[in-house]
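Colleague: As they're listed, the protein sequences go chains A and B. Take the first sequence: its position 285, counting from 1, is numbered 285 in the UniProt record's numbering, and each next residue is one higher. Take the second sequence: its position 9, counting from 1, is numbered 9 in the UniProt record's numbering, and each next residue is one higher.
Not one of these hints is a red herring.
Facing chain A, a subset of chain B residues (Cβ under 10 Å, in silico): (1) 76; (2) 108; (3) 122; (4) 167; (5) 169; (6) 186.
Lysine-lysine pairs mimicking DSBU-like chemistry, simulated, CA-CA at most 35 Å apart: (7) B:102 to B:210; (8) B:138 to A:252; (9) B:98 to A:252; (10) B:210 to A:252; (11) B:124 to B:210; (12) B:138 to B:98; (13) A:252 to B:102; (14) B:98 to B:124; (15) A:252 to B:142.
In short, the hints are calculated from the structure, not lab data. All values reported here derive from a predicted model rather than from experimental measurement. For each residue, glycine too, the CB sits at the ideal point set by N, CA and C.
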Amino acid sequence: MSKQSGSLRRYILTRIALAVPMVFILLVLVFVMMRVAPGDPIAASQGGKLSAVELAARRHAAGFDRPLYVQFWEYLKSVGTLNFGTTFSDNLSVRDVIIQRGGATLSLSLGALLVAIVIGVPVGLLAGRFRDRGIDVTGRLFAIVTYAAPAFVLGLLAQLAFGANGLGLLPTSGQSSLLVGLNVPTTTHILILDAAIAGDWSAVGDIAQHLVLPSVTLGLIIVGVFIRMIRVNVIQTLQGDYVEAARARGIKETAVVTRHAFRNALVPVVTVLGLQVAMLLGGSVLTEKTFNWPGIGQALITYINARDYAAVQGIVTVFALVVVVISMLIDFVNALIDPRVRY
Amino acid sequence: MTTTDAAAPAVPAADDAREPVLSVRDMRVWYGTERGPVRAVDGVSFDVRPGETLGLVGESGCGKSTLGRGVLGLTPPGSAVDGEVLLRGTNLVELTPKELQKRRGPELGLIFQEPMTRLNPLMKISEQFEETLRTHEKGLSKQEIRERSLEALRGMGIPPSRYENYPHEFSGGMRQRIMIALALVLRPAFVVADEPTTALDVLVEAQIIKILADLRKNFDTALVLITHNLGIVAEACDRVAVMYAGHIVEQGDSREVFANPQHPYTKELLRSTISLSTTGLHYIPGSPPDLGNPPEGCRFHPRCPVAMRGCAVVEPPEVRLRSGVRSTCWHQAIEVDPSLADELGTDGREPLAAVKEISVADEA
Numbered sequence: 001m002s003k004q005s006g007s008l009r010r011y012i013l014t015r016i017a018l019a020v021p022m023v024f025i026l027l028v029l030v031f032v033m034m035r036v037a038p039g040d041p042i043a044a045s046q047g048g049k050l051s052a053v054e055l056a057a058r059r060h061a062a063g064f065d066r067p068l069y070v071q072f073w074e075y076l077k078s079v080g081t082l083n084f085g086t087t088f089s090d091n092l093s094v095r096d097v098i099i100q101r102g103g104a105t106l107s108l109s110l111g112a113l114l115v116a117i118v119i120g121v122p123v124g125l126l127a128g129r130f131r132d133r134g135i136d137v138t139g140r141l142f143a144i145v146t147y148a149a150p151a152f153v154l155g156l157l158a159q160l161a162f163g164a165n166g167l168g169l170l171p172t173s174g175q176s177s178l179l180v181g182l183n184v185p186t187t188t189h190i191l192i193l194d195a196a197i198a199g200d201w202s203a204v205g206d207i208a209q210h211l212v213l214p215s216v217t218l219g220l221i222i223v224g225v226f227i228r229m230i231r232v233n234v235i236q237t238l239q240g241d242y243v244e245a246a247r248a249r250g251i252k253e254t255a256v257v258t259r260h261a262f263r264n265a266l267v268p269v270v271t272v273l274g275l276q277v278a279m280l281l282g283g284s285v286l287t288e289k290t291f292n293w294p295g296i297g298q299a300l301i302t303y304i305n306a307r308d309y310a311a312v313q314g315i316v317t318v319f320a321l322v323v324v325v326i327s328m329l330i331d332f333v334n335a336l337i338d339p340r341v342r343y
Numbered sequence: 001m002t003t004t005d006a007a008a009p010a011v012p013a014a015d016d017a018r019e020p021v022l023s024v025r026d027m028r029v030w031y032g033t034e035r036g037p038v039r040a041v042d043g044v045s046f047d048v049r050p051g052e053t054l055g056l057v058g059e060s061g062c063g064k065s066t067l068g069r070g071v072l073g074l075t076p077p078g079s080a081v082d083g084e085v086l087l088r089g090t091n092l093v094e095l096t097p098k099e100l101q102k103r104r105g106p107e108l109g110l111i112f113q114e115p116m117t118r119l120n121p122l123m124k125i126s127e128q129f130e131e132t133l134r135t136h137e138k139g140l141s142k143q144e145i146r147e148r149s150l151e152a153l154r155g156m157g158i159p160p161s162r163y164e165n166y167p168h169e170f171s172g173g174m175r176q177r178i179m180i181a182l183a184l185v186l187r188p189a190f191v192v193a194d195e196p197t198t199a200l201d202v203l204v205e206a207q208i209i210k211i212l213a214d215l216r217k218n219f220d221t222a223l224v225l226i227t228h229n230l231g232i233v234a235e236a237c238d239r240v241a242v243m244y245a246g247h248i249v250e251q252g253d254s255r256e257v258f259a260n261p262q263h264p265y266t267k268e269l270l271r272s273t274i275s276l277s278t279t280g281l282h283y284i285p286g287s288p289p290d291l292g293n294p295p296e297g298c299r300f301h302p303r304c305p306v307a308m309r310g311c312a313v314v315e316p317p318e319v320r321l322r323s324g325v326r327s328t329c330w331h332q333a334i335e336v337d338p339s340l341a342d343e344l345g346t347d348g349r350e351p352l353a354a355v356k357e358i359s360v361a362d363e364a
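Could you put the whole structure together from the sequences, leaning on the hints where they help?
Modeller: Spelled out as C-alpha cells, the structure:
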C-alpha cells in the first residue's frame with residue numbers, strides 16, 4: 001500500500017538524518033581519545049630516539065603544535081575525504097592499509113557469519129521447538145562449549161585436526177597459497193571476489209579452502225549467542241497469545257510453528273546479528289592471529305604496539321563509521337520485516 | 001457426580017427438544033505440576049443447544065478458562081483431559097490432535113480476552129484471514145476468500161479499506177472485533193468466548209455483546225460466555241453455570257439463578273456485585289483453594305457463611321430443584337431429599353462457623 005511504503009521511506013530518511021549527529025559524536029570521541037593520552041603521537045612513537053629539537057620539528061611537520069580546534073577541523077576534513085594521512089611507523093597511506101586489510105577482515109567476517117547462520121538458525125529453532133529433548137540438550141551444550149572456548153583454542157584444535165599434521169585436508173594459514181595470492185589482480189580487495197572477477201576458478205577454490213577453517217572457528221564463537229537467543233525466542237513465541245489464537249482457528253501445527261512462531265522469533269535476532277557483525281569486524285583479532293590472516297584487526301594491534309597514532313586513529317574511525325552504518329542497515333531490515341517499527 | 005432429581009423437570013419441554021451441540025459429561029482437566037497433578041476442572045457436566053448462550057462465572061482461578069480450552073483440546077502441554085466432550089455425538093477427548101485441529105475453526109471457535117496480542121503482528125489482516133480460510137476450505141479462489149473475509153469484517157463493523165492493514169494499525173476494540181471475525185469466518189457451530197470484553201471500555205463492551213447476541217440469532221451458534229461481569233450474564237445469557245474450584249456449583253436458567261440464587265457461593269458472588277446503587281462493598285473473605293490440595297468435603301466450606309460440620313467432611317451431591325436449577329450444596333440436597341441428611345452423620349448439621357469459634361476460644 002502506498003501509505004505504508006511512504007511511511008517506510010520516511011522512516012529510512014529519518015533514520016539517516018539521525019545518524020549524522022551520531023557520527024559527529026563518535027568522531028569527537030575518537031579525536032578526544034587520541035589526544036587525552038599523555039604526550040603526543042610523535043613523542044610517543046619517536047621519544048628517546050630523537051633530540052628535543054628534532055622532535056619539535058617533527059611535531060610541527062605533523063601539525064601537533066597547532067591549537068586543538070584546528071587539529072579537529074583537520075581531522076574532520078580527513079574523515080570527509082576518507083584520507084587519513086600516512087602511517088608514522090611504515091609510511092603507508094592509512095587509507096590503503098584500511099582498504100587492503102579491511103577486505104581480508106570482511107571476507108573472514110562474512111564467512112563466519114554464514115557459518116553462524118547456517119548452524120545457529122536451524123539448531124536454535126529446533127532446540128526451541130523441541131525444548132528439553134535431545135536436540136535441545138545437545139544444542140545448548142554445543143552453544144555453551146563453543147561460546148566459552150577461546151578463539152585460539154578452537155583455532156589450534158582445528159589446525160591440528162585438519163591441517164598438514166592432522167588429516168591434511170585444509171590449509172591453516174593465510175588467505176591463499178602464496179602464488180595464487182600474488183597472481184590475482186586487485187579490484188575489490190576482497191580476494192575471493194577478485195579471483196572470481198578475473199575468472200580464475202582454481203584460485204577461487206584455493207581461496208575458499210583457506211577461508212574454511214578461520215570462518216568456522218570465528219563462526220563457532222558467535223554461534224552460541226544465536227542458538228541461545230533463537231531458542232529462547234521460539235519458546236516465548238510458542239507460548240504467545242497469537243500462537244494460541246492460531247491454534248484455536250485450527251491452523252496446522254507446522255504452519256503455526258513456522259509462520260507464526262519462527263517468523264516472530266527471528267525478528268529480534270536480526271538486531272543481534274548486526275551487532276555481532278560489528279563485533280566480528282574488530283573482534284576477530286585472535287582468529288586472524290591464529291590463522292595468520294592479513295586482516296585489519298591484526299594491523300590495528302601492530303600499529304597500537306608501534307604507537308602509530310595516525311594509523312590507529314584512521315582505523316578506529318573507520319570501525320566507528322562501519323558500526324554506525326551497520327546499525328542503520330539493521331534498522332532498515334527490521335523496518336522491512338516488522339511493520340510496527342515503521343511507526 | 002450423581003444428580004438427584006427432585007421432581008419432574010420444571011424446564012419447558014421445548015428447550016430440551018433440540019439436540020445439544022455440545023454435551024459435556026464428567027469432564028476433568030489435570031495439570032501436571034512439580035507438586036503433583038492439579039485438577040483444574042473436576043467432573044463438570046453441561047449442555048449447550050443451538051442458539052443458546054451459557055454464561056460461565058466464578059472467581060479467577062476457578063477453572064473457567066481451563067474448561068473452555070479443554071473443550072477445544074487447547075490445554076497446555078503436560079495437561080490431560082478426561083471424560084466426555086460430545087460435539088454432535090463425537091467425543092472430542094478421544095480424537096487425535098490432527099482430527100481436533102481440523103474441527104477447530106469450522107466447528108469449534110474460541111474468542112480470547114486480550115485483543116492487543118491475539119493477532120500475529122507480522123501478518124496483514126488479509127493474510128490472517130487467507131490462512132484461516134485456506135486451511136479449512138481448500139479450493140477457495142482468491143476472490144472468494146476476499147469476499148468471505150470482507151463479509152465477516154463488515155459484520156463486525158470493520159470497513160473493507162482496512163483489509164490490507166497490519167494489526168498495530170487498529171485500536172483495541174477494533175482488534176477484538178477483527179479477532180472475533182477471524183474466529184467466526186468459518187461459522188463454527190460452537191464458540192467459547194473467554195472474557196471477550198474484559199480489556200475494553202463499556203461502549204465497545206456493549207458492541208461486542210451485541211455482536212455475540214446477533215451471532216446466535218443469525219447463525220444459531222451455541223455459545224459459552226466466560227465472564228466476570230454478572231451484568232453481562234443477566235443481559236446476554238440464557239443459562240448460567242457458576243464455577244468454584246473446578247466444580248460447577250450451580251447452573252440453570254439465568255433469570256432464575258439471579259432472582260433466586262441457591263448455592264451459598266452464588267449468593268455471595270451476587271452480593272459482591274457492584275452497581276450504581278451499591279452503598280457498601282461486599283466481598284467473600286479468603287480466596288479459592290489450592291487445587292493441588294483442595295479442602296475435604298465441599299470445596300467452598302472454608303469460606304461459606306452457612307457451612308455445617310458435615311460440609312467439611314462429605315462432598316455434597318448435585319440436586320435438581322423444582323425450578324430446574326441444579327445446585328451442589330448440602331442445604332439444597334437435604335431440602336430436596338431429607339434422607340440424604342444421614343450422610344452427614346450426627347452433629348453434621350451443626351454450624352461450622354460456631355465450631356471454629358469454640359476451638360479458637362479453647363486455644364486462647
